[in-house]
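*Asks:* Chains as they are written, first to last, in the working numbering: chain R, 1 to 95; chain A, 1 to 202.
What the hints contain is simulated information worked out from the structure, not anything from laboratory work. Do not rely on the hints blindly, as some may be mistaken.
[Unchecked claim] Reference listing, derived: stretches of chain A covered by chain R, where coverage requires no fewer than 3 residues with Cβ under 8 angstroms from a Cβ of chain R:
(1) 73-83
(2) 105-115
[What the hints assert, rightly or not] Using 20 angstroms as the maximum straight-line C-alpha spacing, the simulated EDC-like pairs for lysine to aspartate or glutamate come out as follows:
(3) A/LYS132 <-> R/ASP28
(4) A/LYS132 <-> A/GLU195
(5) A/LYS132 <-> R/ASP39
(6) A/LYS132 <-> A/GLU165
(7) A/LYS132 <-> A/GLU191
Don't be surprised by glycine CBs; every beta carbon is placed ideally from N, CA and C.
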Amino acid sequence: MRIRCPYCGERDNGEFSYLGDAAPRRPDGLEAQASAMHDYVYLRDNPAGEHRELWYHGAGCRSWLVVTRDTRTHTISDVSPARDVARSRRPGEAA
Amino acid sequence: MTSAWTPRSAWAGFARAGRHGRPQGEPGVRLTLRDGVGLATVIAADGQEDALGRILADRFGWSLPGSGAATLVGERGLVWSAPGQWLAVAEARAGLQGLAEALRGVAAVTDQSDARAIVRVSGPRARGLLSKGVAVDLHPRAFAAGQAAVTSIAHIGAQIWQRDEAPTYDLAVARSFAGSFWSWLSHAAAEFGYEVDREAEH
Ligand SMILES: [Zn+2]
Numbered sequence: 001m002r003i004r005c006p007y008c009g010e011r012d013n014g015e016f017s018y019l020g021d022a023a024p025r026r027p028d029g030l031e032a033q034a035s036a037m038h039d040y041v042y043l044r045d046n047p048a049g050e051h052r053e054l055w056y057h058g059a060g061c062r063s064w065l066v067v068t069r070d071t072r073t074h075t076i077s078d079v080s081p082a083r084d085v086a087r088s089r090r091p092g093e094a095a
Numbered sequence: 001m002t003s004a005w006t007p008r009s010a011w012a013g014f015a016r017a018g019r020h021g022r023p024q025g026e027p028g029v030r031l032t033l034r035d036g037v038g039l040a041t042v043i044a045a046d047g048q049e050d051a052l053g054r055i056l057a058d059r060f061g062w063s064l065p066g067s068g069a070a071t072l073v074g075e076r077g078l079v080w081s082a083p084g085q086w087l088a089v090a091e092a093r094a095g096l097q098g099l100a101e102a103l104r105g106v107a108a109v110t111d112q113s114d115a116r117a118i119v120r121v122s123g124p125r126a127r128g129l130l131s132k133g134v135a136v137d138l139h140p141r142a143f144a145a146g147q148a149a150v151t152s153i154a155h156i157g158a159q160i161w162q163r164d165e166a167p168t169y170d171l172a173v174a175r176s177f178a179g180s181f182w183s184w185l186s187h188a189a190a191e192f193g194y195e196v197d198r199e200a201e202h
């Protein structure tokens, strides 16, 4: 499998480390119910199909990336800098 | 006051001057040990990339290379390392004097002159040699003079930039990996016959 890093171009997946699902967002630690924290820390979906996940280009530009990958075929349809994805989630700040 | 400390080449104890590997014909690869090079990482402060580019252009005559590029004039200039990060290169450490002061507030500058081991790879089989270890397409259509990559060679993190179309490449690895890296480089180059330009300074 190869991943097309938006900065470095297409690279062997051995240059990257996998973190996991990019969807979970950390609840506010002081406000959150224990159940919400438990969900954030432990519970993950395991879809057969499209999955948005975090990869780290440690052997290259050392950027965190959000990779959209089909778990059945490993076909990658999108790779975006995680920084842009995080910014686009914040209200009032564009990517 | 004199110092008991003397500079030692990053390649000392590993690289030997002279002709090695396949003995027939002209050497396919030439390895030039590059000691004493001035190096510094330049990391732009958030939102200061344009200001950084302007100061580097005004004060040093350098232009900021984009992703996967290097802008070098002779032995001086910048090599892209990561988003918002570059490696400043000069023929000697003194060549980077004033850089940190000039960039105060717009970028973090950290001297790396003693932190990397650099070797210049040239000769008619330079591309063939590196293709054996670099998982980046080095075909001239994909990688030409002025291009740079951060990748790994033999599981060792390496930064590589192409200087000219000959082709000539500069390779930088963390200094503590110089011995392991030389082990790969010398074995990979042996089939082409290679020449090391001079003895590493002890
Ligand atoms: Zn990258």
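*Asks:* How about the stretch 73-83 of chain A: do at least three of its residues have a C-beta closer than 8 angstroms to a C-beta of chain R?
*Replies:* Since three or more residues must qualify, the claim that chain R covers the stretch 73-83 of chain A holds, with 3 doing so at under 8 angstroms.
*Asks:* Would you mind confirming whether the straight-line C-alpha gap from A/LYS132 to R/ASP28 stays at or under 20 angstroms?
*Replies:* The hint is violated at about 49 angstroms.
*Asks:* Checking C-beta pairs, does the stretch 105-115 of chain A have three or more residues closer than 8 angstroms to chain R?
*Replies:* Violated - the stretch 105-115 of chain A has 0 residues with a Cβ nearer than 8 angstroms to chain R, which falls short of three.
*Asks:* For the pair supplied as a hint, A/LYS132 and A/GLU195, confirm whether the alpha-carbon distance does not exceed 20 angstroms.
*Replies:* Given that 20 angstroms is the threshold and the Cα spacing comes to 18 angstroms, the pair holds.
*Asks:* Holds or violated: are the alpha carbons of A/LYS132 and A/GLU165 at most 20 angstroms from each other?
*Replies:* Roughly 19 angstroms separates the two Cα atoms, so the pair holds.
*Asks:* Within a Cα-Cα threshold of 20 angstroms, do A/LYS132 and A/GLU191 meet the stated pairing?
*Replies:* 12 angstroms, holds
*Asks:* Given the proposed pairing of A/LYS132 with R/ASP39, does the C-alpha separation stay at or below 20 angstroms?
*Replies:* Distance ~46 angstroms between A/LYS132 and R/ASP39 Cα, so the pair is violated.
The structure fails to meet hints 2, 3, 5 from the earlier list, while all remaining hints are met.
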